[in-house]
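Chemist: Produce the entire structure from the sequences given, and follow the hints as far as they go.
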Amino acid sequence: MKGRIALVLIAAALMVFAGYAALYVAPDEKTMHAIQRIFYFHVPSAICSFVAFFIVFVANFAYLGTRQPKWDWLGVAGAEVGVVCSTIVLITGPIWAHPVWGIWWTWDARLTSTFVMWLLYTAYLLLRGFLDDPQRKAMFSAVFGIFAFLDVPLVYFSNRLWRTQHPQPVILGGSNSGLDPVMGKVLLISFVAVLCITAVLITDRYRLERLRSEFDELRFRAESRDAERASKIPHAAREARVE
Amino acid sequence: MKNFESLFAAWMVVWAVFFLYEVTVARRLSKLQDDIDQLKRQLREG
Amino acid sequence: MTTSRAAAILLAKELRLEFRTRELLTTTVIFALVVVVLFSFAFEPTAAESRRYGPGLLWIAFLFAGSLMLNPSFAREQSNETLDALRMAPIAPFAILLGKMLANCVFLAVAEAILVPVFAVLYNVSFSGVAWRLILVLVLGTLGLVITGTVFSAISAHARMRELLLPLLLLPILTPLLIASVEATASLLAEQPELDRTWVAFLAGFDIVFLTASWLMCDFLLEE
Numbered sequence: 000m001k002g003r004i005a006l007v008l009i010a011a012a013l014m015v016f017a018g019y020a021a022l023y024v025a026p027d028e029k030t031m032h033a034i035q036r037i038f039y040f041h042v043p044s045a046i047c048s049f050v051a052f053f054i055v056f057v058a059n060f061a062y063l064g065t066r067q068p069k070w071d072w073l074g075v076a077g078a079e080v081g082v083v084c085s086t087i088v089l090i091t092g093p094i095w096a097h098p099v100w101g102i103w104w105t106w107d108a109r110l111t112s113t114f115v116m117w118l119l120y121t122a123y124l125l126l127r128g129f130l131d132d133p134q135r136k137a138m139f140s141a142v143f144g145i146f147a148f149l150d151v152p153l154v155y156f157s158n159r160l161w162r163t164q165h166p167q168p169v170i171l172g173g174s175n176s177g178l179d180p181v182m183g184k185v186l187l188i189s190f191v192a193v194l195c196i197t198a199v200l201i202t203d204r205y206r207l208e209r210l211r212s213e214f215d216e217l218r219f220r221a222e223s224r225d226a227e228r229a230s231k232i233p234h235a236a237r238e239a240r241v242e
Numbered sequence: 000m001k002n003f004e005s006l007f008a009a010w011m012v013v014w015a016v017f018f019l020y021e022v023t024v025a026r027r028l029s030k031l032q033d034d035i036d037q038l039k040r041q042l043r044e045g
Numbered sequence: 000m001t002t003s004r005a006a007a008i009l010l011a012k013e014l015r016l017e018f019r020t021r022e023l024l025t026t027t028v029i030f031a032l033v034v035v036v037l038f039s040f041a042f043e044p045t046a047a048e049s050r051r052y053g054p055g056l057l058w059i060a061f062l063f064a065g066s067l068m069l070n071p072s073f074a075r076e077q078s079n080e081t082l083d084a085l086r087m088a089p090i091a092p093f094a095i096l097l098g099k100m101l102a103n104c105v106f107l108a109v110a111e112a113i114l115v116p117v118f119a120v121l122y123n124v125s126f127s128g129v130a131w132r133l134i135l136v137l138v139l140g141t142l143g144l145v146i147t148g149t150v151f152s153a154i155s156a157h158a159r160m161r162e163l164l165l166p167l168l169l170l171p172i173l174t175p176l177l178i179a180s181v182e183a184t185a186s187l188l189a190e191q192p193e194l195d196r197t198w199v200a201f202l203a204g205f206d207i208v209f210l211t212a213s214w215l216m217c218d219f220l221l222e223e
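From first to last, the protein sequence lines stand for chains V, D and B.
Going left to right, the first sequence walks through residues 0 to 242 as numbering that gives the first Met the number 0 numbers them.
Going left to right, the second sequence walks through residues 0 to 45 as numbering that gives the first Met the number 0 numbers them.
Going left to right, the third sequence walks through residues 0 to 223 as numbering that gives the first Met the number 0 numbers them.
Hints are computed from structural coordinates only; laboratory data are not their basis.
Don't be surprised by glycine CBs; every beta carbon is placed ideally from N, CA and C.
There may be inaccurate statements among the hints.
Said to hold, decoys possible - Sample of chain D residues facing chain V (criterion: CB under 8 Å; computed from the structure):
{"id": "1", "residue": "N2"}
{"id": "2", "residue": "F3"}
{"id": "3", "residue": "A8"}
{"id": "4", "residue": "V16"}
{"id": "5", "residue": "F17"}
{"id": "6", "residue": "Y20"}
{"id": "7", "residue": "V24"}
{"id": "8", "residue": "D34"}
{"id": "9", "residue": "I35"}
{"id": "10", "residue": "G45"}
Modeler: In structure tokens form, the structure reads like this:
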């Protein structure tokens with residue numbers, strides 16, 4: 000309990016510090032000026048979404064191997080948080096692009112892949128919603144999760160191959176070529192901050208699943224105990240009549 | 000700062016999304032914890 | 000009994016079942032036809048435009064028709080619980096999956112065999128001289144669709160809203176396949192038709208990756 004509060008506070012503090020650094024410490028970018036600073040949260044969110052989805056992949060494998068519910072809990076936690084991070088990427092990206100390039104969106108490899116990845120893991124979460132039996136839900140979403148993760152590099156490469164055949168304006172690219180060292184440090188701080196937030200979110204969501212499972216178990220025990228009692232009463236009444 | 004409004008909007012989005020998600024999870028967590036405690040009491044007493 | 004022999008027997012069963020009524024096949028073909036016609040209202044099908052947009056529209060028609068056609072594949076087994084009977088038979092679980100994949104492939108292939116000439120006529124696109132290469136692309140693309148689609152139909156058969164769920168699961172996964180198939184087909188319709196080897200290799204790779212994944216996970220798919 001205390002550990003969790005400490006983690007939350009550290010994450011919040013880091014976010015505030017990173018925010019300050021991104022606004023005031025980082026040097027101004029030549030062409031884009033202020034708007035470029037979105038990069039300090041846009042890029043870490045993207046990386047964290049990959050981390051989250053990788054966790055889902057590992058959890059899916061582990062579930063199929065061991066059938067322990069905790070891996071299913073980790074899977075859904077990672078998927079939800081990954082979708083949250085991807086949502087941030089997909090919203091901050093266009094906010095960045097519009098003042099700089101005058102367009103909200105372009106179908107380049109990176110953006111398209113992010114969007115498809117968002118769709119894939121949203122489908123994962125929806126699939127779970129439509130499966131009622133908890134064992135089936137865990138198993139089938141694990142299978143789909145593995146398929147989805149295998150698909151992500153295929154999505155990226157097919158889009159890359161396609162877009163290089165039909166050249167598009169290079170958007171959101173080259174941000175790492177020749178990065179100013181101060182910018183690099185601010186990026187690192189922001190990355191650690193977002194990673195902490197992601198860790199907190201995944202831990203909490205995992206705990207939510209674990210508690211849900213505990214609750215279902217307790218409720219089952221309570222209901223079966225009530226059912227037992229209810230069935231005993233007619234017995235006693237019958238015996239009384241016979242006597 | 001040039002383009003400050005867009006930067007601010009993006010900032011708000013980042014904070015809002017993370018914060019709202021955490022709040023929804025935390026709220027469900029505490030409600031579940033209460034329900035669990037209540038059930039445990041029921042089982043003990045009954 | 001070896002897996003391939005079991006799969007062949009199951010394939011024969013599926014084909015026999017379907018050709019008795021042919022309802023799945025007819026509905027699939029008509030639906031794909033409807034999509035093809037609808038697209039004619041979306042753009043002016045001049046020769047140049049047809050060559051440009053045609054492959055895309057053709058493959059989208061196949062994707063939509065395929066997603067709708069794949070559901071009955073496993074759903075049909077549920078009314079008489081025939082899947083349990085299959086599971087108890089002394090055959091590898093992968094044979095069941097493979098038999099269904101092959102059957103779905105045949106059905107979709109029949110639909111495509113009807114649709115491609117119809118499309119060529121309606122949009123004034125000529126496939127002469129590239130027929131065999133086109134068949135290769137169609138086969139590879141259809142295989143990818145059918146492999147992933149059959150796996151997901153096994154999953155969605157147990158879910159609510161399965162008619163909506165299957166396309167929802169399938170179409171995002173198939174975006175690389177769509178790109179590769181469309182580009183490969185488009186390369187065959189170009190001024191100098193030439194089969195784009197990169198995309199064909201990509202399609203083959205896609206099929207291999209997901210067939211292997213299906214094979215590795217088939218036990219989990221067909222469990223009780």
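Chemist: It remains to establish, for every hint, whether it holds in the given structure.
Modeler: How the hints compare with the structure:
no.	hint	verdict
1	N2	4 Å, holds
2	F3	5 Å, holds
3	A8	6 Å, holds
4	V16	5 Å, holds
5	F17	6 Å, holds
6	Y20	5 Å, holds
7	V24	5 Å, holds
8	D34	6 Å, holds
9	I35	5 Å, holds
10	G45	7 Å, holds
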